[in-house]
Amino acid sequence: MTTLTVPNRIEFVRPATAFLVQAARAFRVPRAAEPVFEVAISEAITNAVKHGSRAEANSTITCEVELEQGAFTMRIIDDGSGFTVRESALPDVSREHIEALPASGYGLPIIHTVFPIVRVVTVGDRFALELALPATALPPAGAE
Amino acid sequence: MQIEVVNDNGTTIVRPTGDRLDIEVAAQFRSKLLSLIDEGNRHLVVDLKDVSFIDSSGLGALVSALKTLKRSSIAGDVRLARVQAPVVSLLEVIRLNRVFTSYASVEQAVQSYQ
Numbered sequence: 001m002t003t004l005t006v007p008n009r010i011e012f013v014r015p016a017t018a019f020l021v022q023a024a025r026a027f028r029v030p031r032a033a034e035p036v037f038e039v040a041i042s043e044a045i046t047n048a049v050k051h052g053s054r055a056e057a058n059s060t061i062t063c064e065v066e067l068e069q070g071a072f073t074m075r076i077i078d079d080g081s082g083f084t085v086r087e088s089a090l091p092d093v094s095r096e097h098i099e100a101l102p103a104s105g106y107g108l109p110i111i112h113t114v115f116p117i118v119r120v121v122t123v124g125d126r127f128a129l130e131l132a133l134p135a136t137a138l139p140p141a142g143a144e
Numbered sequence: 001m002q003i004e005v006v007n008d009n010g011t012t013i014v015r016p017t018g019d020r021l022d023i024e025v026a027a028q029f030r031s032k033l034l035s036l037i038d039e040g041n042r043h044l045v046v047d048l049k050d051v052s053f054i055d056s057s058g059l060g061a062l063v064s065a066l067k068t069l070k071r072s073s074i075a076g077d078v079r080l081a082r083v084q085a086p087v088v089s090l091l092e093v094i095r096l097n098r099v100f101t102s103y104a105s106v107e108q109a110v111q112s113y114q
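Chain order of the listed sequences is A and B.
The numbers in this note's numbering rise by one with no breaks, and the one at position 16 of the first sequence is 16.
The numbers in this note's numbering rise by one with no breaks, and the one at position 81 of the second sequence is 81.
Accuracy of the hints is not assured; some may be wrong.
What the hints assert, rightly or not - Across the chosen pairs, the derived CB separations fall in these ranges: (1) B:Gly40 <-> A:Ala100: 43 to 53 angstroms; (2) A:Glu11 <-> B:Ser52: 15 to 25 angstroms; (3) B:Asn7 <-> A:Leu4: 36 to 46 angstroms; (4) A:Met1 <-> B:Gly40: 54 to 64 angstroms; (5) B:Val5 <-> A:Gly105: 24 to 34 angstroms; (6) A:Val120 <-> B:Ser73: 41 to 51 angstroms; (7) B:Gln108 <-> A:Ser104: 45 to 55 angstroms; (8) A:Glu11 <-> B:Ser31: 33 to 43 angstroms; (9) B:Asp8 <-> A:Gly70: 16 to 26 angstroms; (10) A:Met1 <-> B:Asp8: 48 to 58 angstroms.
Simulated from the structure, these hints should not be mistaken for lab results.
All C-beta atoms in this analysis are idealised placements derived from N, C-alpha and C, irrespective of residue type, glycine included.
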């Protein structure tokens, strides 16, 4: 397992995102090459920054990455109080209904377009957003 | 992030100069767009030549500007120019390509308002 811990502040979203994308590429996760993959990870970390702090000055975010039994899993662990992950469909957007267009809330739908498994888990006494690609979503070991 | 603003024949061209339009800079970008609208600019072209990464915060800034313009009494629009491939991909994934019209060049985007 590879881990990185950073202060829970906006300026650490970029380095934490870069760490997770690099780890996914090192594990040869095919979707890691897609632009939306990096956006999905950035959204998960941004969510931790927005909602995962107990307003303590030393609040942190820990990123974990592992490839186990063929499944690729990332956990973004924060100091928040957890939340319920709901299936979130993308808004049905069109120019004819711009008033109904949300100006926020695209983060979780973007994450769902990449990761079939999105759930909140506990790691010790902290909560984590876990994003996973099952083994069937990855090429067999040794495949190029 | 610096945001360059140029007026061309009644159209306001806004160019964020950083390569990432994300949570770190989105509030600044949104504020700039809304202040331009507040000053009376109605025809906006956002030149995304330098932007290779955009997240939901950056997209939210564009949506906020568009909704503000559509609410105003004088019709206006936010049009995009020189959108890079990774940003095009994300716009397609979340279907905002149905809302924002994109042009290959700034000149074409400006011309579209004439």
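Status of each hint after checking the structure:
Remark: the range hint 43 to 53 angstroms for B:Gly40 to A:Ala100 is contradicted by a beta-carbon distance near 26 angstroms. Distance hint check: the CB atoms of A:Glu11 and B:Ser52 are about 19 angstroms apart, consistent with the given range 15 to 25 angstroms. Between B:Asn7 and A:Leu4 the beta carbons are some 45 angstroms apart, a value that agrees with the proposed interval 36 to 46 angstroms. Taken as a hint, the range 54 to 64 angstroms holds for the pair A:Met1 and B:Gly40, whose Cβ atoms sit roughly 55 angstroms apart.
At roughly 28 angstroms, the beta-carbon separation of B:Val5 and A:Gly105 lies within the given 24 to 34 angstroms, and the hint holds. Checking the proposed 41 to 51 angstroms range against A:Val120 and B:Ser73 shows it holds: the Cβ atoms sit about 45 angstroms from each other. For B:Gln108 and A:Ser104, the Cβ-Cβ distance of about 30 angstroms falls outside the hinted range of 45 to 55 angstroms, so the restraint is violated. The hint said 33 to 43 angstroms for the Cβ distance between A:Glu11 and B:Ser31, and at roughly 18 angstroms that hint is violated.
The beta-carbon spacing between B:Asp8 and A:Gly70, approximately 55 angstroms, falls outside the hinted interval of 16 to 26 angstroms. Our hint of 48 to 58 angstroms for A:Met1 and B:Asp8 holds, since their Cβ atoms are close to 53 angstroms apart.
The structure does not agree with the numbered hints 1, 7, 8, 9 stated previously, though it agrees with the rest.
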